[in-house]
Amino acid sequence: MFAHIVWLVLRKDFTVEVRSLEIAYTTLFFAISCVLVFAFALVQEGRAPVGGAAGILWIAVAFAGTLALGRTFERERQAETLRALLLAPAARPAVYLGKLLGIVALLTAAEIVLVPLVALLFQASLLAHPVWLALILLTGTVGFAAVGTLFAAMLIRARSRDVLLPVLLYPITVPVIIAGVRATGVLLEPELDVGLLQVWLALLVCFDVVFVTLALWTFEPLMTE
Amino acid sequence: MPSWFTPLAALCALMFATAPILIAQAPYESTMGLVQKIFYVHLPSAWMFLLAAITCGIASLRYLFRGDPRQDRLAWAAAELAVLFGVLTLVTGPLWARKAWGVWWQWDVRLTSSLMGWMVAVAYLLLRRYGGPGSDKLAAGLALFGIVNVPFVYISVNYWRTIHPTTNVVPTLPTSFGVPLWFSAVTFLLLFVLLLRMRVRLEEQRARVDALYLSMDS
Amino acid sequence: MKLLSLVLVVLVTCGAGGVVLLAQQPPPQQLDEFVPIDQLPPQDQLPAAPLLVAAYSFVALALFAYVVSVARRLASVQRELERLEADMKRGSGT
Chain A
1 MFAHIVWLVL RKDFTVEVRS LEIAYTTLFF AISCVLVFAF ALVQEGRAPV GGAAGILWIA
61 VAFAGTLALG RTFERERQAE TLRALLLAPA ARPAVYLGKL LGIVALLTAA EIVLVPLVAL
121 LFQASLLAHP VWLALILLTG TVGFAAVGTL FAAMLIRARS RDVLLPVLLY PITVPVIIAG
181 VRATGVLLEP ELDVGLLQVW LALLVCFDVV FVTLALWTFE PLMTE
Chain B
1 MPSWFTPLAA LCALMFATAP ILIAQAPYES TMGLVQKIFY VHLPSAWMFL LAAITCGIAS
61 LRYLFRGDPR QDRLAWAAAE LAVLFGVLTL VTGPLWARKA WGVWWQWDVR LTSSLMGWMV
121 AVAYLLLRRY GGPGSDKLAA GLALFGIVNV PFVYISVNYW RTIHPTTNVV PTLPTSFGVP
181 LWFSAVTFLL LFVLLLRMRV RLEEQRARVD ALYLSMDS
Chain C
1 MKLLSLVLVV LVTCGAGGVV LLAQQPPPQQ LDEFVPIDQL PPQDQLPAAP LLVAAYSFVA
61 LALFAYVVSV ARRLASVQRE LERLEADMKR GSGT
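Chains as they are written, first to last, in the working numbering: chain A, 1 to 225; chain B, 1 to 218; chain C, 1 to 94.
Take these hints with a grain of salt, some might be off.
What the hints assert, rightly or not - Partial selection, computed: residues in chain A whose CB lies under 7 Å from chain B:
#  : residue
1  : V43
2  : R47
3  : G51
4  : M154
5  : A158
6  : L164
7  : L168
8  : I172
9  : R182
10 : Q198
11 : L201
12 : P221
To be verified - Taking lysine to aspartate or glutamate and the EDC-like style, the derived pairs with C-alpha atoms no more than 20 Å apart in a straight line are:
#  : chain 1 : residue 1 : chain 2 : residue 2
13 : C       : K89       : B       : D217
14 : A       : K12       : A       : E80
15 : A       : K12       : A       : E76
16 : A       : K12       : A       : E74
17 : C       : K89       : B       : D210
18 : A       : K12       : A       : E22
To be verified - For each label pair, taking beta carbons as the anchor points, the in silico distance ranges come out as:
#  : chain 1 : residue 1 : chain 2 : residue 2 : range
19 : A       : L87       : B       : A211      : 26 to 36 Å
20 : A       : P49       : B       : A9        : 49 to 59 Å
21 : B       : P69       : A       : R83       : 49 to 59 Å
Hints were generated in silico from the structure; no laboratory data involved.
For every residue, glycine included, the Cβ atom is placed at its ideal position computed from N, Cα and C.
Please put together the full structure from these sequences, using the hints given.
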């Protein structure tokens, strides 16, 4: 039953999105513009700063993620569909999980475009260890989106929600950004330090577990008016 | 205000007047000299910052699950004090570090986690101030996440920057340093309690004003 | 009231910043790690007094400004409360 509701929420978001692809296109284009701005600012005389690629990839993901979160829930707010979802006799945590999976899917799609672009523009060997990179990106994205989905859902009722979302989100997701950037940085080293990589991944997984649990636990009281 | 407020305020003022004398009389620390005296305000502020953050977190948690408005007012007051004492900590710290370490700022674990905690407290206040109706619950959620986040920030920064000046700046204290430090800490604690009471009182009065307006409308 | 508190915040920040600037000297180059104070080159050994004065005056100013701000907010809410209560009394009297 629980999994079924999660699937229904996810499918609903997917169906709405496929109709116009508004959020997917805008998020993607925004992420690409971010990377280009960084390339103009940092790549000088054809040479990229050493180790900059990891940071820029994650900044682009964080910025695009904030935009996607804001847009997704703005659409829910305008159509009053989130209220309808919450009124439905469905478990609240399932609604949260469905939204979270939707955001993660969207950001994963953006990352698939971003990674080769950053690798190309910053001459970084990001694709040298694709499995490790996929693991890092997935765990990092889940951590970022877990906090982001909850906060964006909470802020749906607040005034000036557009500014408040990044203001609240970034200080909380600092560990994810640090761990993600450092782990990706390890991949860019000529010699792969698997031990260090595992430490960062363990931190990311712990963060994911703790914050998804906490969000599932607090989603109910937080969304009750 | 409760009856203990005025005598305690007088005591606190008296202690604030005496503290500089004690601090001035404390001996010079051998390696850092005069600048080490910043320690007597820096460490108590940092402790009060921590205390305010913990108070805010616990009160928020209780508000979120019990819905008692008194806890909410306490959380708001504590968050404001966290920002205040956080500013004191974050300003006095670099002033001391500039002399002791030779740099204004280090991305050291304590410094970074304090800064992040302070930013969460500021975000809390921004949310309360500009969030509009319903922001009390959201702020409580934010405080809860902020508290849970502390160990993660600590661990991540610790791995990121393993080379940081360890506690050799906080020497094991002989009594001549300890007395002014503890005196100063107690003074700050008194001030914290007084300010918290004042700030909670402000929220109580605001709640009464709101209730009056509501009763006039109906 | 709001403007006043804003001005106060700006003044305190500027004041602290000014003192910091007085204490500031060109920062030493390439100091990524902890260097004991007695191993620093002599031009980096700052006079401690301005830093100390800056720290203590900032703490005093910030605490004072906060107490003033809470007291003012409290006074204004108190006034509003009294006015409302008087209004209520008049309303129920007639």
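Outcome of the hint check:
1. V43: violated, 25 Å
2. R47: violated, 25 Å
3. G51: This interface hint is violated because 13 Å lies over the 7 Å limit.
4. M154: holds, 5 Å
5. A158: holds, 4 Å
6. L164: Hint on A/L164: holds, closest Cβ of chain B at ~6 Å, below 7 Å.
7. L168: holds, 5 Å
8. I172: holds, 5 Å
9. R182: This hint holds: A/R182 lies near chain B, its Cβ roughly 6 Å from the closest one there, short of 7 Å.
10. Q198: violated, 12 Å
11. L201: It is violated, given that the least Cβ distance between A/L201 and chain B is near 12 Å, above 7 Å.
12. P221: holds, 5 Å
13. C/K89 to B/D217: Holds, at about 15 Å.
14. A/K12 to A/E80: Holds, at roughly 14 Å.
15. A/K12 to A/E76: holds, 11 Å
16. A/K12 to A/E74: holds, 16 Å
17. C/K89 to B/D210: holds, 17 Å
18. A/K12 to A/E22: holds, 15 Å
19. A/L87 to B/A211: 26 to 36 Å: holds, 30 Å
20. A/P49 to B/A9: 49 to 59 Å: holds, 55 Å
21. B/P69 to A/R83: 49 to 59 Å: violated, 25 Å
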